[in-house]
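Peer 1: The residues making up each chain are set out below.
Number of protein chains: 2
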Amino acid sequence: MGRWQPGARERLEQAALDLFLEQGFTETTVPQITARAGLTTRTFFRHFADKREVLFAGEELVPERVARLMAEAPPSLGPMELITEGLAPTAAEIFEGRGLDYLLRRRAAIDAEPALHERELRKFSLMSEALEQGFRDRGVDDLTAQLAAEIAVTTFRIAVTRWLNQHGDPDLPATINQTLAAMRHLTNTPST
Amino acid sequence: MGRWQPGARERLEQAALDLFLEQGFTETTVPQITARAGLTTRTFFRHFADKREVLFAGEELVPERVARLMAEAPPSLGPMELITEGLAPTAAEIFEGRGLDYLLRRRAAIDAEPALHERELRKFSLMSEALEQGFRDRGVDDLTAQLAAEIAVTTFRIAVTRWLNQHGDPDLPATINQTLAAMRHLTNTPST
DNA sequence: TCAGTCATGGCACGTCGTGTCATCACTATC
DNA sequence: GATAGTGATGACACGACGTGCCATGACTGA
Chain G
37 MGRWQPGARE RLEQAALDLF LEQGFTETTV PQITARAGLT TRTFFRHFAD KREVLFAGEE
97 LVPERVARLM AEAPPSLGPM ELITEGLAPT AAEIFEGRGL DYLLRRRAAI DAEPALHERE
157 LRKFSLMSEA LEQGFRDRGV DDLTAQLAAE IAVTTFRIAV TRWLNQHGDP DLPATINQTL
217 AAMRHLTNTP ST
Chain B
37 MGRWQPGARE RLEQAALDLF LEQGFTETTV PQITARAGLT TRTFFRHFAD KREVLFAGEE
97 LVPERVARLM AEAPPSLGPM ELITEGLAPT AAEIFEGRGL DYLLRRRAAI DAEPALHERE
157 LRKFSLMSEA LEQGFRDRGV DDLTAQLAAE IAVTTFRIAV TRWLNQHGDP DLPATINQTL
217 AAMRHLTNTP ST
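Read top to bottom, the protein sequences are chains G and B. Note that the numbering used here has the first sequence beginning at 37, numbered continuously upward. Note that the numbering used here has the second sequence beginning at 37, numbered continuously upward.
No lab work stands behind these hints, which were simulated from the structure alone. Beta carbons are placed, not taken as given, at the ideal position from N, Cα and C, and that holds for glycine. Hints are supplied without guarantee of correctness; some may be wrong.
[As the list claims (entries may be wrong)] Below, a sample of chain G positions facing chain B; criterion: calculated Cβ distance under 7 angstroms:
1) Ser161
2) Gln182
3) Thr190
4) Leu222
Could you put together the complete structure from these sequences and hints?
Peer 2: In structure tokens, the structure reads:
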């Protein structure tokens, strides 16, 4: 790094997001992205597996991060307790460093393109699998582990959406706790 | 229909599933599928939007079906009551006509290919959106509607997976009710 | 008999994503 | 300070995907 401008990956992410918002995902070609970033098409695919991945790079680290946090939690905590205690701080950690403005622009691009939404769902699915394994490692039975993992991810996903829709007004941990409370209320009161 | 062999769509689905299982999704080309079905490549894309869709055709009807069933349910039922009452029979209706053997083969193909799993997640997401709208139409507030929809779809998805893993042993409605019970138990007992 | 409809065939074409080799700055070692 | 190694990038070819467009031919209805 010196012969080439540093931060090629970041330049590609920036150019791609800009172009997706300007003219749409489908209408944006990889050569357009690389031209704006001052690189070639081949280099794009060295950094990202495919055109969609440019908006999700780095998220493959989240599952292992989640696994580590779960392993560090007190073994005495049951699944729902762990979610109640750990989901909010973990979510805050995941989004550290990313500005709200970036997250909103990224959200807009994903919402406008089903193919990108599809990829995002896969990322959440991988996160759920990591959580499920984490619960099993804590001695939780298979079905409960799977259910707890899905509840955690679903709560996380809904809370983040609401948080972004409100432009970050109540902060993310607060929104997560509100969402968790609503989830508890819903499942505990059949006649609601 | 007479000049051409009838059931072109079904032949394509059959050939595609067979080939995916024989040699993998990526290794299977669309011309291979159409050759086995006695058709041309162009015809494949008239029936299916893309290569993955050949395993999910017809599922776009599920959301409107769900919407209809929700509208017909007694308005007095709350979200969780509706799920408890309606999920099992609805699931049974969705799978009517599809043999267990077909479902198992389809499951194997999807599990072997992340791209297919991705598409399946999108189908569930669309189902969730339909449920969410259905709940809102019944007067449920936005957040509760979203949560209830996700809980219903998650339960459905997990139950179907377990049901297929057991080769259909306890029938699907029973498995769904077991899964729902486990979900209730999990969310109602913080110290589990 | 004839016009309309509709599923399919056939072809061209742009884009995606990969394999492969060349280039060249930086680094380590002697 | 010469030399070999490393690693990111450029350049090119290529197969597969997916679409636009027009032609074909069997069926339908007047």
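Peer 1: Does the interface hint hold: is Ser161/G within less than 7 angstroms of chain B, judged Cβ to Cβ?
Peer 2: holds (6 angstroms)
Peer 1: Let me know if the C-beta of Leu222/G comes in closer than 7 angstroms to any C-beta of chain B, holds or violated.
Peer 2: holds (5 angstroms)
Peer 1: Against chain B, run the beta carbon of Gln182/G and see if the smallest gap drops under 7 angstroms.
Peer 2: Holds, about 6 angstroms.
Peer 1: Less than 7 angstroms between beta-carbons is the criterion; does Thr190/G satisfy it with respect to chain B?
Peer 2: holds (5 angstroms)
Of the hints listed earlier, there is not a single one the structure fails to meet.
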